[in-house]
Amino acid sequence: MIEQLKRELEATFKGVSVTSEADRRITVVVDPLQALALLRFFKDRGFSHLALLSAVDLIDKHAFELVYVLTSYVEDTGEDAVPGELILVVKSMIPRDKPTFKSVISIYPNAEPYEREIHELFGIHFDGHPRLTPLFLERQYPIPPFRKDFDTRRYVEDVFGSIPAIGDEEG
Amino acid sequence: MDRNQIAKWFKEPSKMANKYSLHAIYFCTGCGIIEVPPVITARWDAERFGVIPVATPRQANLFLITGYVSVKTLKAIIRTYEQMYEPKYTVAFGSCPINGGMYWDSYNTIKHLDKYIPIDGWIAGCMPRPEAIFVAVTHLWTLIDKGMANGYERYKKYYRAYRRNQELALGKLEWPPLYPIGEHTEGGECD
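Going down the list, the protein sequences come from chains H and F. When we follow numbering that gives the first Met the number 0, the leftmost residue of the first sequence carries the number 0, and every step to the right adds one. When we follow numbering that gives the first Met the number 0, the leftmost residue of the second sequence carries the number 0, and every step to the right adds one.
Read the hints as simulated data drawn from the structure, not as lab findings. Beta carbons: idealized from backbone N, C-alpha and C, even for Gly. Hints should not be assumed to be uniformly reliable.
Computed Cβ-Cβ distance ranges for the label pairs, DEER-style [unchecked claim]: (1) Asn98(F) <-> Gln139(H): 36 to 44 Å; (2) Glu46(F) <-> Arg152(H): 25 to 33 Å; (3) Glu81(F) <-> Thr18(H): 17 to 25 Å; (4) Pro112(H) <-> Arg78(F): 22 to 30 Å; (5) Asn98(F) <-> Arg6(H): 53 to 61 Å; (6) Arg78(F) <-> Asp157(H): 41 to 49 Å; (7) Arg42(F) <-> Glu7(H): 25 to 33 Å.
Dumping the calculated EDC-like pairs for lysine to aspartate or glutamate here, alpha-carbon to alpha-carbon at most 16 Å [what the hints assert, rightly or not]: (8) Lys147(H) <-> Glu152(F); (9) Lys155(F) <-> Asp104(F); (10) Lys71(F) <-> Glu166(F); (11) Lys147(H) <-> Glu137(H); (12) Lys5(H) <-> Asp22(H); (13) Lys97(H) <-> Glu137(H); (14) Lys14(F) <-> Asp104(F); (15) Lys74(F) <-> Glu20(H); (16) Lys42(H) <-> Asp59(H); (17) Lys171(F) <-> Asp22(H); (18) Lys71(F) <-> Glu137(H); (19) Lys90(H) <-> Glu137(H); (20) Lys60(H) <-> Glu84(H); (21) Lys156(F) <-> Asp104(F); (22) Lys71(F) <-> Glu111(H).
Rough simulated footprint, nothing fancy, chain H against chain F, three-plus residues with beta-carbon under 8 Å [stated by the list, open to error]: (23) 79-92; (24) 109-122; (25) 163-170.
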């Protein structure tokens with residue numbers, strides 16, 4: 000099953016690396032230009048559920064890595080390569096100084112809150128997203144707070160440490 | 000009820016009634032809420048102490064804040080607190096509202112809750128046992144007896160400072176001030 004999928008992928012897409020670290024889990028690393036086509040390909044093969052969309056700040060490589068985890072609700076029937084129990088991890092690196100990516104809402108509609116969250120916490124812009132408004136955060140941050148170069152301790156000292164206690168001044 | 004408290008009942012009946020019927024509103028901000036169901040149900044039975052949970056802040060006079068407080072939660076906490084009737088008592092539960100606890104360097108967690116609303120009692124621990132709530136309740140009785148659980152009076156008195164701190168943390172607040180601020184107090188912070 001995995002071998003067949005791997006052969007099919009390498010025949011269809013150029014420069015795709017397929018590895019399998021554990022049973023039932025396949026990691027596919029793809030360049031960002033082909034990522035949407037790859038996701039569409041997987042959706043057509045039965046991976047209809049986007050379980051997770053996450054981002055990793057690889058500050059040493061000057062890149063963000065977007066991670067799509069796909070699973071399927073369809074039972075494994077054996078012959079037609081619809082992998083019921085497989086978990087697919089699709090990874091794609093985008094440059095850190097130009098953090099934009101295509102939105103995958105057209106393929107997986109439930110990516111909408113994930114992309115809003117990543118836009119808010121990592122500052123990655125998703126083209127084609129209908130509303131990239133804040134989801135969790137109330138405050139404005141100097142840089143998005145989940146980036147590795149965000150100094151949380153200094154931020155805490157500057158913001159929360161500077162708020163005076165009530166008893167001090169009224170004395 | 001203790002028989003030797005009858006004199007107190009005749010002297011200050013409203014205070015005693017407040018003291019023995021603490022209607023609690025729980026704010027489920029963090030992990031502390033997991034301690035509350037055993038407290039209010041048969042295992043530990045908070046009603047022995049006169050503590051019962053109520054549905055809305057307008058029926059409550061005890062405010063339990065259980066767990067860490069994020070910036071977004073702080074807004075809801077302030078609104079809940081301002082809707083409660085006086086006299087109202089606040090107890091912060093766990094180490095996170097005291098000084099941030101394990102979220103001491105988090106970018107989005109309020110570190111000292113008493114900078115934003117007045118707190119009458121703290122329960123330290125991560126997490127405190129359900130018994131600690133009863134220790135806090137009996138301690139709160141003592142404070143009410145002595146008139147030291149006066150957080151709502153402090154809130155009124157130092158409202159300008161509290162409101163300023165709330166605006167420092169949350170930006171512009173979209174609700175009007177609870178008490179008048181600014182007109183008749185030019186020099187001082189309070190009254």
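Tested hints:
no. : hint                               : result
1   : Asn98(F) <-> Gln139(H): 36 to 44 Å : violated (25 Å)
2   : Glu46(F) <-> Arg152(H): 25 to 33 Å : violated (44 Å)
3   : Glu81(F) <-> Thr18(H): 17 to 25 Å  : violated (56 Å)
4   : Pro112(H) <-> Arg78(F): 22 to 30 Å : holds (25 Å)
5   : Asn98(F) <-> Arg6(H): 53 to 61 Å   : holds (58 Å)
6   : Arg78(F) <-> Asp157(H): 41 to 49 Å : violated (27 Å)
7   : Arg42(F) <-> Glu7(H): 25 to 33 Å   : violated (58 Å)
8   : Lys147(H) <-> Glu152(F)            : violated (44 Å)
9   : Lys155(F) <-> Asp104(F)            : violated (31 Å)
10  : Lys71(F) <-> Glu166(F)             : holds (13 Å)
11  : Lys147(H) <-> Glu137(H)            : violated (20 Å)
12  : Lys5(H) <-> Asp22(H)               : holds (14 Å)
13  : Lys97(H) <-> Glu137(H)             : violated (25 Å)
14  : Lys14(F) <-> Asp104(F)             : violated (41 Å)
15  : Lys74(F) <-> Glu20(H)              : violated (45 Å)
16  : Lys42(H) <-> Asp59(H)              : violated (32 Å)
17  : Lys171(F) <-> Asp22(H)             : violated (52 Å)
18  : Lys71(F) <-> Glu137(H)             : holds (6 Å)
19  : Lys90(H) <-> Glu137(H)             : violated (30 Å)
20  : Lys60(H) <-> Glu84(H)              : violated (33 Å)
21  : Lys156(F) <-> Asp104(F)            : violated (31 Å)
22  : Lys71(F) <-> Glu111(H)             : violated (21 Å)
23  : 79-92                              : violated (count 0)
24  : 109-122                            : holds (count 6)
25  : 163-170                            : holds (count 5)
The structure fails to meet hints 1, 2, 3, 6, 7, 8, 9, 11, 13, 14, 15, 16, 17, 19, 20, 21, 22, 23 from the earlier list, while all remaining hints are met.
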